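Listed below, chain by chain, are the residues.
Protein chains: 2
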Amino acid sequence: MTPKISSFLNDAQPPTPCMVLDLDVVADNYRCFSAALPDSRIYYAVKANPAPQILELLTQLGSCFDAASVAEIEMVLRAGADAARISYGNTIKKESDVARAHALGVDLFAFDSEPELEKIARQAPGARVFCRILTSGESADWPLSRKFGCEEDMAETLMLKAIELGLDPYGISFHVGSQQRDPGQWDTALGTAGRLFRRLAEKGLQLRMVNLGGGFPTRYMKEIPTAEAYGQEIMESLRRHFGNRLPDTIIEPGRGMVGNAGVIQSEVVLISRKSEADERRWVYLDIGRFGGLAETEGEAIRYPIATPRDGEEVEPVVLAGPTCDSADVMYEKVPYDLPISLTIGDKILIGATGAYTTTYSSVAFNGFEPLAEHYI
Amino acid sequence: MTPKISSFLNDAQPPTPCMVLDLDVVADNYRCFSAALPDSRIYYAVKANPAPQILELLTQLGSCFDAASVAEIEMVLRAGADAARISYGNTIKKESDVARAHALGVDLFAFDSEPELEKIARQAPGARVFCRILTSGESADWPLSRKFGCEEDMAETLMLKAIELGLDPYGISFHVGSQQRDPGQWDTALGTAGRLFRRLAEKGLQLRMVNLGGGFPTRYMKEIPTAEAYGQEIMESLRRHFGNRLPDTIIEPGRGMVGNAGVIQSEVVLISRKSEADERRWVYLDIGRFGGLAETEGEAIRYPIATPRDGEEVEPVVLAGPTCDSADVMYEKVPYDLPISLTIGDKILIGATGAYTTTYSSVAFNGFEPLAEHYI
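From first to last, the protein sequence lines are chains A and B.
Numbering-wise, UniProt numbering puts 117 at position 117 of the first sequence, and it's gapless, one number per residue.
Numbering-wise, UniProt numbering puts 117 at position 117 of the second sequence, and it's gapless, one number per residue.
Looking at chain A on its own, in the form it has when it is part of the complex (with noise of 0.2 angstroms):
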């Protein structure tokens, strides 16, 4: 927690459960992720933090931004952006979301299969389009499925279908998996793109972008590489593999950019156990995986938990949320460790929330409302 986050729940006293930025860590990240990796473009990936703050903070410092939806776009629109700086990164788009974007001047695309290519030629002609392949999300903490992507062979046929189609066929894109604790996991995708480079470039077609996408994780509980390591690691991959001819790149950070600048307080509502003999007590939050908490969904995420009892002896316990479904329950396998003199009211800080918890939340479940924001 920053100094800044610390004076205005000091002074604000808000309701909990809330989430806390400060805008000022955003801006150092930003200017972490330009000096570890110089030569790319940082899109930044709306979807981890949608706010307005954080999208013009990020305008202003010249960040392009990685939009899922035709929302997002407008948001980004509405902080000043230009459209040319704007990626539509969904693979998944209804045609005419497709013709909106490309109303609103976007022309920058991500694909993965030909029916969605045939919808970006037919709604935005001459776009420029990246295909997505297909990456095993090892090591990430946030589980990657097939969902997204294709396979090398299908890559190639698509990229030289975007020439039939009078697409711009721009270059390869790949997600190593979200909170990726192993930079090494981008050189085994790096290894495919440049296969698929060479590959399209024997068929004369000269592909001139890889996109590196996001994946790059934010400090929880673990230790982390710093930016600056998975940069040089990225960059000698990229030397690896394309030697002296390096294409154009792009970063997608969305936790890595907005994570650690924000954290959650909640109250504790009730500690208990299920019987005298219970060794494990249970506490419950006013926040819960339905409130913001999400990612907490088989306590994939740790968030680092700091209570105004920190240094007292601790003892494991359950985490539960609020609401009355049975489902909302944080960290029950792997429990943590709280003090035990924690008492009920007590106010708790849930670091490194800044990614992934605002619009995750649940419009009225249970009848709490959305979680509340404040940017600093």
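There may be inaccurate statements among the hints.
Identical chains share a label here; the pair holds if one copy fits it or two copies do between them.
Here are the computed lysine to aspartate or glutamate pairs in the EDC-like style, where the Cα-Cα straight-line distance is at most 16 angstroms [what the hints assert, rightly or not]:
1) Lys333 to Glu279
2) Lys347 to Glu95
3) Lys161 to Glu276
4) Lys203 to Asp153
5) Lys161 to Glu114
6) Lys203 to Glu233
7) Lys161 to Asp337
8) Lys347 to Glu118
9) Lys222 to Glu299
10) Lys4 to Glu312
11) Lys222 to Asp182
Hints were generated in silico from the structure; no laboratory data involved.
No experiment lies behind these values; they were computed from the predicted model shown.
Following the hints, put chain B in place on chain A, whose structure we already have.
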């Protein structure tokens, strides 16, 4: 799908995705529950779907209400029901919320721990309280954790404590797990409840009420027993465990009251394969796990799906949502058989989606609007 929903979709052509709910089906369900368990009071579980149209209808039909939060209590009051008809059924309440509920006239509170009982004693002196006991949740489709309820011995201690604290120790509650397909599951819990009644009677405390909870299933893919069958089994269990001194009983249907009344219409956004040789097609809809189908987590709830091409040859497909989140996949392990002729742009119907969809929907994940709702 009812004729009323069919006409509405034809005439109004609402944008997708949307949920359309036929209020006549809710009224039918209310009458079925009343007939199946004529001596039980029905407390509708508001969290299943808190739409004002549903709450007003059930108020007119004479229903009581199980509320999970002060916001839900206020919704019920706005629908015209008196506070005497409301049970504050969440065992996890902020003390300030107990006070607000009491000020609004609510006199019936759930608890499963001593600290919660103390909150109620301080903020709602003299209120009727019922203690929730732990159950196993076997045979339920939606997982039941150990989140709610306490062991039998603790329940006994706490009911005696309630007297000391000046509260009215009214009864025992339990929940057999949501979408419970085995009526026999009520018997085990009723056995525990009966034993607690006798143990406490020996100590001079005569409990008066058993809250049978919810769990009553709605018809998704599998055949389920009728409300009548549940009613008969529960009545037999009551007689077995309570003899001639039957307690007052409460039931809390949510899913069973509104699930089968609603249908979601969704558009097929993309159909694709990952490679030419891929046998499994992916069908992407404009609704997914973060747009209202949260209960497809772990593929727990399998909704029936109707397409405009039903009757034609089918093959198994993976079903996924429209967001850039790779966890947004509904059915992959056990794929769905859908027509091979299914085409991008087709409108499909996801049945039995009147419960636990609209309010689970995220605020704006990936920029997508929350699920639209129509009550007819």
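Need the list of violated hint numbers for this structure, in ascending order.
Result: hints 6, 7, 8 and 10 break, sorted rising.
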